[in-house]
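J.: These protein sequences, in sequence, are chains A and B.
Sequential numbering from 2 applies to the first sequence in this note's numbering.
Sequential numbering from 13 applies to the second sequence in this note's numbering.
Note that these hints are calculated values from the structure, not bench results.
A quick note: this is a predicted structure, and the numbers were derived from the prediction, not measured.
By construction, the Cβ of each residue, glycine as well, lies at the ideal position given by its N, Cα and C atoms.
Fair warning: there could be bad hints in the mix.
Coverage of chain A stretches by chain B, computed from C-beta distances (three or more under 8 Å per stretch; other residues unrestricted) [stated by the list, open to error]:
id, stretch
1, 40-46
2, 233-244
3, 303-314
4, 330-341
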Amino acid sequence: MTQLPEHIDSPPISQTPLYQLCLAQKARMTEFAGWEMPVQFSGITKEHEAVRTQAGMFDISHMGKFRFTGAQVVEQLQTLVPSDLSRLQPGQAQYTVLLNPEGGILDDIIYYHQGQDPNTGEQRGTMIVNAATRVRDKAWLVANLNPDLIVLEDVSKEQALIAIQGPQAERYFQPDVEANLSSLKRFEHLESTVFGQPAFIARTGYTGEDGFEVMLPPAAAIELWQKLSDAGVTPCGLGARDTLRLEAAMALYGQDIEQNVTPLEAGLGWLVHLDSKGDFMGRPILEQQKAEGIPTRLVGLQMQGRYIARHGYPVMLDGNMVGEVTSGTLSPTLGYPIALAYVPTHLAKVGQQLGVEIRGKVHSAEVVKKPFYKANTQ
Amino acid sequence: MGLEYPDDLKYLDSHEYVRLDGEIATIGISAFAVDQLGDIVFLELPEVGDALEKGTSFGSIESVKAVEDMYAPISGTVVERNDALVEDPEQLADDPYGEGWLLKLRITDPDELDEAMAAADYRALVEGE
Numbered sequence: 002m003t004q005l006p007e008h009i010d011s012p013p014i015s016q017t018p019l020y021q022l023c024l025a026q027k028a029r030m031t032e033f034a035g036w037e038m039p040v041q042f043s044g045i046t047k048e049h050e051a052v053r054t055q056a057g058m059f060d061i062s063h064m065g066k067f068r069f070t071g072a073q074v075v076e077q078l079q080t081l082v083p084s085d086l087s088r089l090q091p092g093q094a095q096y097t098v099l100l101n102p103e104g105g106i107l108d109d110i111i112y113y114h115q116g117q118d119p120n121t122g123e124q125r126g127t128m129i130v131n132a133a134t135r136v137r138d139k140a141w142l143v144a145n146l147n148p149d150l151i152v153l154e155d156v157s158k159e160q161a162l163i164a165i166q167g168p169q170a171e172r173y174f175q176p177d178v179e180a181n182l183s184s185l186k187r188f189e190h191l192e193s194t195v196f197g198q199p200a201f202i203a204r205t206g207y208t209g210e211d212g213f214e215v216m217l218p219p220a221a222a223i224e225l226w227q228k229l230s231d232a233g234v235t236p237c238g239l240g241a242r243d244t245l246r247l248e249a250a251m252a253l254y255g256q257d258i259e260q261n262v263t264p265l266e267a268g269l270g271w272l273v274h275l276d277s278k279g280d281f282m283g284r285p286i287l288e289q290q291k292a293e294g295i296p297t298r299l300v301g302l303q304m305q306g307r308y309i310a311r312h313g314y315p316v317m318l319d320g321n322m323v324g325e326v327t328s329g330t331l332s333p334t335l336g337y338p339i340a341l342a343y344v345p346t347h348l349a350k351v352g353q354q355l356g357v358e359i360r361g362k363v364h365s366a367e368v369v370k371k372p373f374y375k376a377n378t379q
Numbered sequence: 013m014g015l016e017y018p019d020d021l022k023y024l025d026s027h028e029y030v031r032l033d034g035e036i037a038t039i040g041i042s043a044f045a046v047d048q049l050g051d052i053v054f055l056e057l058p059e060v061g062d063a064l065e066k067g068t069s070f071g072s073i074e075s076v077k078a079v080e081d082m083y084a085p086i087s088g089t090v091v092e093r094n095d096a097l098v099e100d101p102e103q104l105a106d107d108p109y110g111e112g113w114l115l116k117l118r119i120t121d122p123d124e125l126d127e128a129m130a131a132a133d134y135r136a137l138v139e140g141e
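Extracted from the complex, chain A is given alone in its bound form (with noise of 0.2 Å):
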């Protein structure tokens, strides 16, 4: 085992609005990008078969929120992501990359479209960005976007975010909303009332699950995850968000992708609209790629028998490292262990034999098709 973490000088420390009510609830706290955050309460595999099965709920308020307004907000935006996001109608949600110049992953991000202001015409739209990486998105952002044309207000302290997850969310959540959450499809998004206070509510996740995203003031916050607390939703940690989202095949950010990968060897390609679109960071790049091809791609892998890839870990095949695992878990859906991983692109076809070196031994693995798990929604 390892020894004892040594105390050490760091930066301070932010805690969510909801972390008190947290400590009450006897979660076990990690330090995550910065946050103090719960990395589980009743246990990762209890958690995680509630989202699957029932529903439960996260605290995600450390993850970056933006506002914006301006005469040309989608038309700004555009030129950083390789998505089209011009054919969103207001209330509906994308989720993309932000791009640099070489084509590489500066943030995953799920950007929502709210159309116009009806008293001052002007575009309005928010996004939402990851902890570890939201003063770099701001200042990107700040200094490839037009000011006349597009303003950023950053409302990530101001805001708290849960996400309501699992099959039976609608159900516990309807009763805190003013509005009617049956008619929202997934990936849309409405301004509504929770406790009386303004509510921005998106049925959206990262779970694979059906379920909800709410922004909303801290007060309301704290009161609304005592409530859905109280009513049987299970309280969920970043330990479950983890395995929860892995077998969705959900890339994390930092994890399985990063600024030296393009979104086509992320495996990203569905979010990529080189046909529709105009003129975009990083297009050449991804033109090129799409032209010639793209050297290594992010596949998932299915171990044989109980042996866990984890990060680093050696993609192996006769005898030669050809890749490497980015990220792994025992699947607590299917029960056996899953991983997503780097191979060269002539060995990311489904079928195909792999090995993974776990402490010094080879372990059988196959290429599978992703997501690992889907829910039987829609």
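Once you have looked at the hints, place chain B on chain A.
T.: Chain B only, in chain A's frame:
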């Protein structure tokens, strides 16, 4: 925290424990370690007959979130390993000092345990964090 640390055991700061019974040492991991690991899903242990050297890794334990090496608290030869636990690692959490033992070693030098901690010292270490 309400976790138990039986007085008849010796503990290491890397969270393994030893129960010495003549020349047979039973090795396991503490309730604190089990609690910290969370849901345990996989155990890798040496074979019967393997010689272990004090301080070196004898296997690994995986939870849903992480994998940790385990270190031999004392040198000896493996005379028995808990195969039932290898089959069903989740059971470790129920009884870490009883049914959840990992290995039994035949030892030659009990003095190697001189540096190991008594229960009270170990409790102070982990609960004083």
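J.: Hints broken by the structure, by number, lowest first?
T.: none
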